[in-house]
Amino acid sequence: MVRVRILLVFCLSSLIAAPCFSQTWGSNPELNAFANYYVKSLNEFMHRFNADEIPAFIQEEGKENIRQRCIIALFDLEQVPNGQSEAARRILKFDSIVCASNILLRITDPGLYAEARCLFKYKKKELELNLVLVYDNIRDDYYRWSIAGVNGLVEAGIIDTAAYGYINPVQHELHFSELSQAFPHMNGYFSNPHDIDPLSFFAGLAESGALELVGCQTVTYWFTQVPGYVFSVSLHPRLNTNAGWLIHDLLEVKDEDKPKIIDYFITGK
Amino acid sequence: MKRLFITLAFCFSLSVAAVAQNVQLVNDLGIQSDELADVQERIAEKVDDFQRWIQDLAGRGNVSHNTKIEIYDRTLKLFIGEGKSYRTQEPSPYGGYIEKEHEAVKMTTINSKYKKLKSHYPMTTYLSNLIKRSETPNYRYSQIVIEAADAVRVDNFSKIGDGRYVATAHILQHFMGYSSDGRRVQYEDYTAKTITIYINRLEINTPEGINVIWQILLGDVDCDDIW
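One line per chain: the protein sequences are A and B, in this order. Residue numbering for the first sequence follows our numbering, beginning at 1 and increasing consecutively. Residue numbering for the second sequence follows our numbering, beginning at 1 and increasing consecutively.
A few of these clues could be false.
Unchecked claim - Coverage of chain B stretches by chain A, computed from C-beta distances (three or more under 8 Å per stretch; other residues unrestricted):
(1) 69-78
(2) 190-196
Claimed, not checked - Only some residues are given here: those of chain B computed to face chain A with a beta carbon under 10 Å:
(3) Pro93
(4) Lys116
(5) Ile144
(6) Gly161
No wet-lab data here; the hints were simulated from the structure. Each residue gets a CB set at the ideal place from its N, CA and C atoms; glycine is no exception.
Use the sequences and the hints to build the structure in full.
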């Protein structure tokens, strides 16, 4: 453990304190050198995490604890200023669990979620929603990404669980003539507003043409496969040796609580 | 010199590791490993051509207008649909494949590292704009230089049909816009870009037997981020 801690401190000092290349760049060899550190894709992230693709700068530091060092270098180390002890301790603990249990990440694993922050046009205004996508097996060797959830409709006030509409108690005798009040803004008229399924609501908005996709702005991947943890991987574009697709959030979560967290993640409830 | 040597050693070891990894990946998909080297090389060549020709189109004064038009045409031929809408076959969950019509290949750009606004252009528009800007007198930059990292990472091989695959290529570019007097870099940024790659295994009957040809076509180009 002491040895791995020393490795972490070494990685932190060499990765964080490494000078920014922007001062001296101007020729391709330096751009190439940067390209070796930069984690260019989720695929590269997973191969480095599994240590079946070991970057040259890790190999150069020796043959021991290679996987530990690969994983440490995949953390957004700017979140751990000066090797901050609590954050470093959490990274080391995670690192040791993954290595001891030989946990490998594959894109086909259940438990991987992509959160796409998308920009839409809704009633002539910009609206930001997070779509949750999963990697589905269609058949045989064929896969696709598919939409599993949407977040942000409640926060944007489009699904308003606090709204309240009133249809008077004798309306049944009048063929519910006051139902027209519930259109088009139906929010307050549901028996249980918390039962509104955001994905169906979203599909209705899209189908009616009320929602127009402008584009996907950023993507964050959430991994839930590691026992006791949920972590996110997002893009960290910057000119140093700790850049590209890196682990940003590391949450310690009991395995029995994960279904609830995943459900909240997908439905927002 | 020592630094250059270390850099080259880095690049070589990384590319060897990347290729070794992809051998395993692609073998899982049923492509023979000796065919992989050819596919990898072809993809890298196509991406290199794309990067080199973009630099030619963006450069001011180095390349004549007529040559730029030729390069424009050559660049479009690298892409699926050659700048026009195109069709692909996608696997259906019920067996067989579904024909799908796509808009012409798109290029996503981010306007600057300060505002970070993403825009999507048809590739034809993107390439035409490069030429227009390079030939506009008093354009905000006297010269534009686009450098690219040599190492092209090719990964995410996925099967989409019999002998048909998609993959991604990842590139890093350094953009520099020079001031009107041409003496200083007025604006520079770095971008990470991802290119969709369509790979088709074609079998051609010849008198000597069946020849296998790997057709490589580039697809949409996305700008991951800018800094």
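For each hint, the structure was consulted:
no.	hint	result
1	69-78	violated (count 0)
2	190-196	holds (count 3)
3	Pro93	holds (5 Å)
4	Lys116	holds (9 Å)
5	Ile144	violated (15 Å)
6	Gly161	holds (8 Å)
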